[in-house]
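Start from the sequences, fold in the hints, and give me the full structure.
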Amino acid sequence: MFRTQVVGAAVLDDPENPARFLAAQRAYPETLRGMWEFPGGKADPEDATCQDALIRECAEELDVDLRLHQEIPGPHPQGWPLKDSAAMRVWTATVVDGELMLGHQYDGADHLELRWIPMEDAGQAARDLEWIPADRPIVEALLALYR
-13 MFRTQVVGAA VLDDPENPAR FLAAQRAYPE TLRGMWEFPG GKADPEDATC QDALIRECAE
47 ELDVDLRLHQ EIPGPHPQGW PLKDSAAMRV WTATVVDGEL MLGHQYDGAD HLELRWIPME
107 DAGQAARDLE WIPADRPIVE ALLALYR
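Numbered by our numbering, the letters in the sequence shown go through residues -13 to 133 in order.
Treat the hints with caution; some may be incorrect.
[Claimed, not checked] Calculated pairs, SDA-like style, for lysine to any residue (alpha carbon to alpha carbon, straight line, at most 25 Å): (1) K69 - E106; (2) K28 - D107; (3) K69 - D0; (4) K69 - D(-1); (5) K28 - N3.
[What the hints assert, rightly or not] Cβ-Cβ distance ranges computed for the label pairs, FRET-style: (6) K28 - D49: 14 to 24 Å; (7) M(-13) - R133: 13 to 23 Å; (8) Q110 - G20: 29 to 39 Å; (9) R113 - P31: 34 to 44 Å.
By construction, these hints were calculated from the structure, which means they are not laboratory data. Keep in mind it's a predicted model, so treat the numbers as computed, not measured. Here a beta-carbon is modelled for each residue, glycine too, at the ideal position from N, C-alpha and C.
This is the structure:
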């Protein structure tokens, strides 16, 4: 059992036949600064479900409302292990309202950049990015869903 439940969104440009997905470049902590990840965050006790947490987190971080689609199943009931104490559940999603923006948390933005990553060429553009190591297998699982 992981103490911390994290949630992430693989935001797609089209839910049926995606050509691109969204990646977010970390601003902090310094050890992860500049690396790429799926947007999302920690589920809070007041969130009724992980899906509620993900919608809340993306509204805060990206200033958008999402429609969640399918979960990208991880190897554990709590999703994809991130470290000994945390795991992340990830859903595909599309923007239903708002325009993607870099949100703000604490004294600075959560992310340095948002980028649409093409899924063509067997996902080579995605593989070329420097992902947070724990997110790399999730990228591969996402690409496999849409091959």
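Checked hints:
{"no.": "1", "hint": "K69 - E106", "result": "30 Å, violated"}
{"no.": "2", "hint": "K28 - D107", "result": "32 Å, violated"}
{"no.": "3", "hint": "K69 - D0", "result": "31 Å, violated"}
{"no.": "4", "hint": "K69 - D(-1)", "result": "30 Å, violated"}
{"no.": "5", "hint": "K28 - N3", "result": "29 Å, violated"}
{"no.": "6", "hint": "K28 - D49: 14 to 24 Å", "result": "19 Å, holds"}
{"no.": "7", "hint": "M(-13) - R133: 13 to 23 Å", "result": "33 Å, violated"}
{"no.": "8", "hint": "Q110 - G20: 29 to 39 Å", "result": "20 Å, violated"}
{"no.": "9", "hint": "R113 - P31: 34 to 44 Å", "result": "36 Å, holds"}
Violation of the numbered hints given earlier is confined to hints 1, 2, 3, 4, 5, 7 and 8; the remaining hints are satisfied by the structure.
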